[in-house]
Each structure stands twice: as structure tokens, then as C-alpha cells.
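*Asks:* Listed below are the residues making up each chain.
4 protein chains.
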Amino acid sequence: MKYQTAITKIEDEREFVRGYSLEELTTKKSFVETVYLVLRGELPTAAETRLLNALLTAAIDHGPGTASGQVARIVASAQNSPHTALAAGILAMGERHGGAIEGAARFFQENKETGHIAGLVQSLKEQKIRLPGYGHAVLTHDGRSDVLLGVAKETGFYGPHCALAEKIGAVLNQISSKPIPLNIDGAMAAILLDMGFDWRLTKGFFIIARVPGLVAHIYEEMAGGEGLRRVPEEEIEYSGPEPRAL
Amino acid sequence: MKYQTAITKIEDEREFVRGYSLEELTTKKSFVETVYLVLRGELPTAAETRLLNALLTAAIDHGPGTASGQVARIVASAQNSPHTALAAGILAMGERHGGAIEGAARFFQENKETGHIAGLVQSLKEQKIRLPGYGHAVLTHDGRSDVLLGVAKETGFYGPHCALAEKIGAVLNQISSKPIPLNIDGAMAAILLDMGFDWRLTKGFFIIARVPGLVAHIYEEMAGGEGLRRVPEEEIEYSGPEPRAL
Amino acid sequence: MKYQTAITKIEDEREFVRGYSLEELTTKKSFVETVYLVLRGELPTAAETRLLNALLTAAIDHGPGTASGQVARIVASAQNSPHTALAAGILAMGERHGGAIEGAARFFQENKETGHIAGLVQSLKEQKIRLPGYGHAVLTHDGRSDVLLGVAKETGFYGPHCALAEKIGAVLNQISSKPIPLNIDGAMAAILLDMGFDWRLTKGFFIIARVPGLVAHIYEEMAGGEGLRRVPEEEIEYSGPEPRAL
Amino acid sequence: MKYQTAITKIEDEREFVRGYSLEELTTKKSFVETVYLVLRGELPTAAETRLLNALLTAAIDHGPGTASGQVARIVASAQNSPHTALAAGILAMGERHGGAIEGAARFFQENKETGHIAGLVQSLKEQKIRLPGYGHAVLTHDGRSDVLLGVAKETGFYGPHCALAEKIGAVLNQISSKPIPLNIDGAMAAILLDMGFDWRLTKGFFIIARVPGLVAHIYEEMAGGEGLRRVPEEEIEYSGPEPRAL
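Chains as they are written, first to last, in this note's numbering: chain A, 10 to 255; chain B, 10 to 255; chain C, 10 to 255; chain D, 10 to 255.
Extracted from the complex, chain A is given alone in its bound form (with noise of 0.2 angstroms):
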């Protein structure tokens, strides 16, 4: 057998996810129900749609300067077709970018027991180790990460791992020179992983709420016809060897 899923059924032409009949979601459920189903392997309650609702809208585009949407962009203005270009922005999704969500995660799962935060904060500022989830490179102060975690406690969901999230970063705030903020990436982590999602399938909730975002971008860059893109000589500064002969 070549593969085995538990995620997806088709039989006699019809499709049945996690054992729902697809064509029944369609009509009877909304995506992001069918979202947490898919990935879940249940259905939601309202209270889990609604928060789900709130981290996905929270991540849905944050510009073309990113990472991501500046490379789906470039890859876009090379006229390339649209899921190409998407697939590019979505590579530059790594460590740096978007990536700390799953870090934060793993931090925090792993140190939910952890009576002594301030000591262990402390420990890793002096082994100038960086806690995923925290600073962002622009914002002083993430918005965001507040009204996601006020909208897990309205739907009852902030739990150990957000309490922990928030420590942590006081600690952190206490300790560092300037504001190191609880970010969107961390804030996601903490409150997923209060849900009850493994740390493992945290980032592609950020790439789920991530790609409309792209794709808007990608669109606007198709339907804007600005020509190839490319980086302009004078912000280029050659530092190898002068010309030689062969």
C-alpha cells in the first residue's frame, strides 16, 4: 500500500472528509470549520471557530516588504504563473520568517512545567540565546498579539501555555534594554497549542492565514505591469577582487 491517510475518503465518486461528506460541509459548514476538521480530525465548537476566526484573520498580510510577499512579487514580475509565484513567497518562509511560531512552540510545550521562568529567561539571555516569539523588526509593540490573546480568553481558551507566553515576556521586558514584545508568532504559538494542536502544525496555520495575503499580492503585481524587477546597479556594491588578467 502506498499510502495511508485517515484525512480524506473518496468512494464511489463521492469525497468524505474525516468521515463528513464533503458535498454536506459545502453547504452546511463554513472553510474554517472545514479547516480546523481537516486538520484536527473534528469538528469545532463555536467558541473554537471563532478563535481560529481571530488567528487567521490576525496573520492575513503584513505588506510587500516581508519576505514573502516581496519575493512572490519579484517572482510574479519574471511572468511566471500565479502558484509559482506563491510557492516562492511561501519558500521564504524559514527561520526568520514565520518559522518562530513553531519555535515559540516547542519552547513553550517543553517548559510548560517550569516553576522558575525569570532564571530560565535569564539563562538563555546569557548564553545569548534568542527566544522565538519574541522582538519583532519593526513594531515596538505588538497590537496584534494582545487582541488575539483577549480573544482566547473570551472564548476560554487562554490556558497554561498563554500564561506562560506572557511571563515570559515580562521577564524579558524586565531584563532587556529595549521593548523585546510578545509577537504575533509567539502570541499564535501559545494560544494553539492551548487549543490542543501539536507544536509541529502551528506554522502551517501561519501559512494558511498567510497565503490570500500572497495572493493578493501576486495579483496586484500581475495586474500592475511594472516589468521584471530587479535590483537597481547603485544599490549593489562589488567587494571581490579587481579585474585580472586570466
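It is worth saying that the hints were derived from the structure and are not from the lab.
You can take every hint at face value.
Below, simulated PhoX-like cross-link-like pairs (lysine-lysine); rule was C-alpha separation at most 20 angstroms, straight line:
{"#": "1", "chain 1": "B", "residue 1": "K162", "chain 2": "A", "residue 2": "K37"}
{"#": "2", "chain 1": "A", "residue 1": "K176", "chain 2": "A", "residue 2": "K121"}
{"#": "3", "chain 1": "C", "residue 1": "K121", "chain 2": "C", "residue 2": "K176"}
{"#": "4", "chain 1": "D", "residue 1": "K162", "chain 2": "C", "residue 2": "K37"}
{"#": "5", "chain 1": "C", "residue 1": "K11", "chain 2": "A", "residue 2": "K11"}
{"#": "6", "chain 1": "D", "residue 1": "K11", "chain 2": "B", "residue 2": "K11"}
Have a look at the derived ranges for each label pair, beta carbon to beta carbon:
{"#": "7", "chain 1": "A", "residue 1": "G159", "chain 2": "B", "residue 2": "P188", "range": "51 to 61 angstroms"}
{"#": "8", "chain 1": "D", "residue 1": "N120", "chain 2": "A", "residue 2": "L52", "range": "46 to 56 angstroms"}
{"#": "9", "chain 1": "A", "residue 1": "G165", "chain 2": "C", "residue 2": "L237", "range": "29 to 39 angstroms"}
{"#": "10", "chain 1": "D", "residue 1": "S186", "chain 2": "A", "residue 2": "A254", "range": "57 to 67 angstroms"}
{"#": "11", "chain 1": "B", "residue 1": "E104", "chain 2": "C", "residue 2": "T123", "range": "22 to 32 angstroms"}
{"#": "12", "chain 1": "A", "residue 1": "G159", "chain 2": "B", "residue 2": "K121", "range": "45 to 55 angstroms"}
{"#": "13", "chain 1": "A", "residue 1": "G165", "chain 2": "D", "residue 2": "A254", "range": "19 to 29 angstroms"}
{"#": "14", "chain 1": "D", "residue 1": "K137", "chain 2": "A", "residue 2": "Q131", "range": "32 to 42 angstroms"}
{"#": "15", "chain 1": "D", "residue 1": "E244", "chain 2": "C", "residue 2": "N182", "range": "57 to 67 angstroms"}
{"#": "16", "chain 1": "B", "residue 1": "D155", "chain 2": "A", "residue 2": "S185", "range": "50 to 60 angstroms"}
Heads up, incomplete: computed chain B residues facing chain D, CB under 7 angstroms, no partners named:
{"#": "17", "residue": "Q79"}
{"#": "18", "residue": "V80"}
{"#": "19", "residue": "V84"}
{"#": "20", "residue": "T93"}
{"#": "21", "residue": "A97"}
{"#": "22", "residue": "R105"}
{"#": "23", "residue": "L237"}
{"#": "24", "residue": "R239"}
We put the beta carbon where it would ideally sit given N, CA and C, even for glycine.
Following the hints, complete the assembly by docking chains B, C and D onto the known chain A.
*Replies:* Frame of chain A, contents of chains B, C and D only:
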């Protein structure tokens, strides 16, 4: 100015998507409403939200055997990061997999005014030009199309493009020896046009819909721990020159 | 049978490429000879080896400012694996970046028999159809083309496609207000056709040539440790709706 | 300054790679010499050229059944552009496919000074840590490694890393129940280190070597006209919940 965008504004550390505060959207609007907003520029009505939910849900997954599903799982099996496996899966969405939505939308838009559909279809058949949006590798009738057209009617968005798509399907079934159903690509294409979207944006909706399914397959592959997938030697037939001396 | 292939046979733990033992090839043939073998099915003559070396060398790099170079570096800067950054860079090689070689090769192949080149070019100009393989974003004359055509002459492979390419270039320069040089894409296309390669394989040579350059840029980016690249806010102009209430 | 680079300088419409005129390189140097130059910064000696030719040739292809070969062909079968299919194939080169070269190189570099190899290997075995660069999914002995180490000896580049790699292999074969050969990844890793390359650049050489093989498979797939590849339903086993009502 390097990038001009009408999608997202970042100002004083706050984000505005198409003019609306992202923090407000996060608490007050659903993800699908914000998907519509980011792609269209305006918030949807309740009818538009319902129809977009149906469109996205219908395409959320089609099992591990599709080109994108298989590719995403093979790349995950080589122990790549999830975003890398997802991007590879999306790259499989070429002309023959998901690409038909774009082709169908373009065809419907260009032939909306045509009076003589039977003649048009007959002439394409004689030139052996395959109409995108019709036929299915596995299904002889695509129930998902009926369901989507049903929701389109119910929400008042069954318009000239949907009517054209169904008329073409009827003609095709009359003149062909085997069933060539209006498939989900064709139905999505017609409905998105009747909702007012440009044909160049239609494939983006298919991708947005399928990404959560692919993420589920990647996670299942990672959790399953099958090891690296490769084609067994007995499924490869060598037809080149026999061993020869240099 | 899942895959039929005439490229490589694996038998009793030994590999044969196009019939030749890979172990023998490794000690007795150069990489470029084996590249020719794997793509063409037969080993090259000395003249073919020399010409292919020239073609691949000429396209090895064009700096970090090309679409592929920039994308590869941005994706590497997000701390992705090198193969991920490379794949993203390759995705940037769309119609407008490296893609011209395919378009030019197709055009030359289809118009090889044309007697009246001036009329053909004039008519394309009137229809505002841009000929692939001519013109350059930065260069007004593409010295790399002359060098390649020189090696083609020297090795006896300057044939009807090269002659056609140069005649078209001369006509274009006569009827245009600014220089539209035969660029490296156009020269590579013509030479590869005169070597007997199919136009559908031509872009593959460009990619094979450029991959080492991209690998060098990715390594330079990783070693440089610049951190995540993003577009500074002052290079982004927002042109959408002003902040508005929900 | 946006990009600093020591690779290529473009000046007065002429290109210089590591200081050498690209036009001169094109006529006077082989592609493999220029590959060495672009990655190392200096031109290779004849011995280095010979050894690099052997390394690249040995890895040029391994059939359509590898993860990268299969993915490239599936993506091509969905009627994508060749560069898109190639990028997808490269994405399959994760930890478990080609990735071992990097892991092996890192391990050899870090343990070069170790006096007690048997103890080191025994301790890894007890911790069930699998050594990258040893073992093969199909082969019980990897003849390609012997050939490469032979060329390394002949060219004078068999140094401390190659010796270490072979000693580890001998210990592994002593203490294991089944053969765990030094594979091509391990041999390439050791040789590249003895040539003076950084471990972080080693995987790049594998990719450069394999790209022409993948291009050949993509072209074969495109020419073959098999239609879209998908997993037949009988090779998929569904293990999820049975059909259930919403």
C-alpha cells in the same frame, strides 16, 4: 518608489487592510470575509460570504493521490520543513491540476456573448481542443459542481457565466461518447466570474482552498514516519541503450 | 509500469547513464561531456564539448541583482536550507528572466525557412510583438553573444539558426530608435538549435549554467549574516483607501 | 547599500567573475573550472579540475525513482514550465535525500581530531544516532565512493577527512549486522573538505551535479506525453473515521 500597493498600510505600528484596522477585523470579521476583502478591496455581503465559504470548502482536499498531494508528501518524506513541502505541492498545480479553473474562466469570459454555443463547442471538438473545466480523471459526474451551482442560485449569484457553463456541458454530453462533466474547476470559474472576480484571480481561490488540505497531508506524513518515499525499482522500466563500452 | 526512462539504468547495484557505466564516466569523462550525454543520449565530439563549455560558462552568473539572484538571497536570508533558497531562485526564471531562450529558440525554429526576414520583423514590430532573445534591460550591446557566436563559428556549429538570429538583429537595429542587441538568450538559443537540440530543452541549459552562480550567492548570503532582508517602509507607497471604520 | 557581493562585477557593460572577464573565461576556461572559480574565488589547478569533474559526474543522475526525480516528473506531468518542475525536484532534496552530504561534512570536520574513532562510533550506535554519509536504501556497497576516493588519491587530495571517513566505515561494518557502506554523500563530503571547501557548501555541489539529470527527466516526461500522474485509488488505504452524519 520600489513597491506601490493598495492592499495593506502599516502606520505607527498599526496595520490597515484595504483601509480597515487589522485588529478590528480580527475581532469583528471572519477569516473568509477578510480573504474576500484582501482580494476584492471591499468587505463581502452575507450572500457573498456564504458563497465564498462554499467555494473554498468544496476544494479543501482530494486525497493524497493528486499531483499536489503526492508531491507534498514525497517532499515531506525527505525531511524538509513543512513550508518547503507545501511549496512543492503548490508547484504541482500546473495546467493539468487546478489550472483548468483559469482556462475555463478565461474561456467563459471571452465567449459570454456567443449566441451559437453548439456551433462553438462542435468546432472546438473538431479541432480537438479540450475545453478546460470539463471532464475528470476519476469522476464521471462531479457532484461538487451541482452543490456549488446550487449555493450560487440560492445566494443570487447564478448569472450569465454559470448559465453558459451549464449550456456548454449539455452540448458536450450530447456530442461525446463518454461523459464530460462540468467539473469543480469549471463551476468555480463560472461562479467567481458571476461574483465579479477577474479570471486571472480564479486559480488563486483554488490554491487558497487546497492549502489546508495539503498542510494536513504534510503533517500526516511527518507524523507517520514512513521514511523517504521512492519509486520501487520494479515500477521503473528502462528503455534506453544497453550497457556499452566507452 | 509507473515510469519508463531511457536515461539511467540501475542493475546489480551499478548505474549506467545512456548505456555507459557511471563509474567509468566518472574517471574518463568530464562533467560537461556527461551533461551532454544525459541530455542528448550520446557523448559529444571535442568540438561539441568545447562549444557546450562556452555556452554554460557564459551564463554562469549575472550578479545579485537579477530576479533569481535577489530571490535566492532573500530566501536564504530568512534562514532556509540552501536547496530551498536555490529552488526559489530558479522559480524566478519566468518568461522575462531566462525564459527568452525558449521563446527565441521556438521562433528561430519556426521561421528558419522564411525568405523575407525584413518583412517578418517589420510586421512583428507593427503588431508590437517583442521578439524574445533581443534587447537587454541593462546592456546596449551584449558582448557575450559575440563571443558565443565566435566559438560556434570556430567549432563549425554556426549554422542556419545562428545566421537567422544575426540577420534579425541587423533588421531590428535598422528599424528601431534604440539598440536592440541579440542577447545571450538569443545567441544560446540559435547555437543550441544548430547543435541539434530541441527548442524545448534550451532553457534547461540556461538553468544548468546559472545554478552554480546562484549557489555562490546563497553561500555568500549565509556567510554574510546580514539577517532577514525586507523592503524598508520608505520604499513602499500605499495607494489604497485611507483608514476607515468597519 | 542593499547587496554586497564579491562574486560578480558588472562594469561598463562587461562582466567580471571573481575579477576575471567572463568573456575571456568563456573562451579560455571550461565550465567546471568556472564553477570552481565562482564558488571558491580562485581558479583551480589541473588536479582540482579533474577531481571536481569526477565529483560532479558521479552524482549526475540516479533514475526517476529518487524523491527529486519523481517529484520533478510529477510536476512536469501537470504541464508546468521546466524551471518550475526543476525547482520542485530540488525541493525534495531534504535531510534524507542528498542532505547527508552536509551532515557528513559537518561531522567529519568536527571530529577530525578525534583519536578514538571506535569509541565514538560505538557511542553513537548506542544512542541510536544514525551517521549521515553511510548506508544506502538500495545498494549494499556504493562503488561510486571507491571510484571517487580513487580519483582523490590520484590527484593528491586524499587527506585527513577521507581517511577518517574510511576508518569510520570500517568500524561501522565491524559492529553492524548489515552492511553500512560509505555512500556517495559521505565520500563527496570527505573529499570536498580535503579540497578545502566549507561543509556548508557541500550540498551545493550535489545539487549542481544532479540538476542536469533532473532536466533530462523533465524533458523526457514532457516529450513522453503520459498525461497527469496521480496515485491510483487502489494504492491508497483510508484509515480514518467511516462516513458519518454532520
